[in-house]
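Listed in order, the protein sequences are those of chains A and B. Okay, so the first sequence: first residue is 855 according to this note's numbering, each after it adds one. Okay, so the second sequence: first residue is 2 according to this note's numbering, each after it adds one.
Simulated from the structure, these hints should not be mistaken for lab results. You may find that some hints are simply not true.
[Unchecked claim] Derived list of chain B stretches under chain A, where covered just means 3 residues or more per stretch with a C-beta under 8 Å from a C-beta of chain A:
(1) 37-46
(2) 296-305
(3) 361-375
(4) 382-390
[Claimed, not checked] Just the calculated beta-carbon pair ranges, DEER-fashion:
(5) B/Ser353 x A/Asn914: 33 to 41 Å
(6) B/Leu419 x A/Ile903: 21 to 29 Å
(7) B/Lys483 x A/Val899: 45 to 53 Å
(8) A/Val899 x B/Arg323: 47 to 55 Å
(9) A/Thr927 x B/Glu3: 45 to 53 Å
(10) A/Ser901 x B/Ser269: 27 to 35 Å
(11) A/Gln913 x B/Gly86: 33 to 41 Å
[As the list claims (entries may be wrong)] To give a feel for the contact side, a few chain A residues facing chain B, derived at Cβ under 8 Å:
(12) Leu868
(13) Thr929
(14) Phe942
Note that the Cβ used here is the ideal one computed from N, Cα and C, for glycine as well.
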Amino acid sequence: MSIDNAAISQIAGLAKLALSDTESRQFAAKLETVLASVKNIENPVTSNIPPLLCPLPLQNVFRADVVRPSNDTETLLSVAVDRYGDYFKVPQIIE
Amino acid sequence: MELFDLTLYQLHEMLHNRAISSRELTKTMLERIEATDPEINAFISRTTDLAFEAADRADYKLATGNCTPLTGIPIALKDNIMTSGIRTTCASKMLENFIAPYDASLWVRLKEQGAVLLGKLNMDEFAMGSTNETSFFRPVHNPWNLLHSSGGSSGGAAAAVASRQTVAAIGTDTGGSVRQPAAHCGCVGLKPSYGRISRHGIIPYASSFDQAGTITRDVRDASLMLKAIAGYDVKDSTCADRAVPDYSSALTGAIRGLKIGLPEEYFSKELSADVKKAMDTAVQVFKDLGAELHPVSLPHTDYAAACYYLLANAEASSNMTRFDGVHFGYRTENSTNLEELMIMSRTEGFGSEVKFRILLGTHTLTAENYQKRYVKAQKVRWLIQQDFDNVFSKVDILLTPTTPTPAPLLGEGAEDPLQTASSDIFTNPANLAGICAISIPAGFSSNGLPIGLQLMGRPFDEEGILKAAYAFEQTTKWHMEKAAL
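Just chain A, same shape as in the assembly (with noise of 0.2 Å):
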């Protein structure tokens, strides 16, 4: 696959990303290599084969249903670039 501008600017976008001229052309062509060096990930025939989303079998955690000590309002705040009272403050979204 030819990653031109195009994909690479439409990825960008997709991960919220603005990239300069240069650096368009500069992932572009490291894309390639990568894309090219992976290609063997097609070879294995993996019909009948579970995909593996995790190395450990994982099951549900169920917890019982109680209050218990957590991390206070004012404490994960406290990280906020910008805050109105208990809130994490933005630019304004509805014009």
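Fit chain B to the known structure of chain A by using the hints.
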């Protein structure tokens, strides 16, 4: 021999016998950091005042006989492990001024056992890299030769231990990020099985791969550090609810009859002559110790690098969505609306390697590629895990080189994604399969750089690899060599 040259176990004995105080030891280590870190650059943050406070608390506990093997021992943490009230940067501009609001569970355990935190360690940005050159805080230099890389991504952790700046360190290993720098710096690097240590409070890279690990001077210290941080944690739903053994009791030195597999795929032409020679010597050492060496095959090894690169970066692209300038971390000043705020905060806050891995992961997860690359790689991951299951029905542990070559020169191929990935080809299969693995010193190259030997074991058989590693270490004494600093 200086105080900073001693192992955790030796220092514990001295602290316990009141031959030294934790304050005295902590002062020695902080002075050592002051003297050597301008050349090494292992530390991003030093916690001098907090360290002395912790040392004084430890000395009180030692005086009252209420101590653990870690009481009063100075340690350091990779800077992706959250420490309440202390800056946790992930070596990124994105988190340059981020003060963690809570502790990682493993740090809670270390604190409860009296460990003294010296500071937070340099790393590749968000653990994405293999040479520590993607750090926003400049690269880490290898203590054995300052022109060479420390390895990565836990480069600061390995370099700090090798420089005797800290007694021990905790890193994280997603595809080899504890074992590879440990090998390059002549330390012992242990990646426990997935689920052995809580990931709560570790800033994630690839969640189904990430696992905290220890970097220490020797195998006994690794067993003590693992014992301190292993075990179930209600805050991590992927943490295994299994008993934690006394790992030190496995260190008998007796391995007669141990079945060791030599996977043919790991002894290929890609090995440097120095690494090949060190592996040949290591195999003979294990034979002389009475182990049985068997050639084995892990037939899907050739696909491991591609499988790892696709899956780890897909998970990374998802994990990195939390950094959007909205809640915490870097926020741009160049935005007029929320969409621009997210885009520009990420664009200005992330370094080039992180951006590239996000792009690669996003590409892998697009509708067009999801089945043919992402799900396909997950299926290949199952095959790789089956390879290990099969081989561990025939042998007890596996012996391989940790890396194909010793540490590269700084600047040598840092921008080449394939060269970076090639340094992890022997380590990332253990992360794909979730098994445990350890890197131990196994000699030096002709130009004086350390070489690492990797032992891999069954899931949750850390005792098995520690036992074999200890027997090798006590016979060869490579771990006693020290970088001249």
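Hints and how they fare:
no. : hint                            : result
1   : 37-46                           : violated (count 0)
2   : 296-305                         : holds (count 3)
3   : 361-375                         : holds (count 6)
4   : 382-390                         : holds (count 4)
5   : B/Ser353 x A/Asn914: 33 to 41 Å : holds, 39 Å
6   : B/Leu419 x A/Ile903: 21 to 29 Å : holds, 27 Å
7   : B/Lys483 x A/Val899: 45 to 53 Å : holds, 50 Å
8   : A/Val899 x B/Arg323: 47 to 55 Å : violated, 37 Å
9   : A/Thr927 x B/Glu3: 45 to 53 Å   : holds, 48 Å
10  : A/Ser901 x B/Ser269: 27 to 35 Å : holds, 29 Å
11  : A/Gln913 x B/Gly86: 33 to 41 Å  : holds, 35 Å
12  : Leu868                          : holds, 5 Å
13  : Thr929                          : holds, 5 Å
14  : Phe942                          : holds, 5 Å
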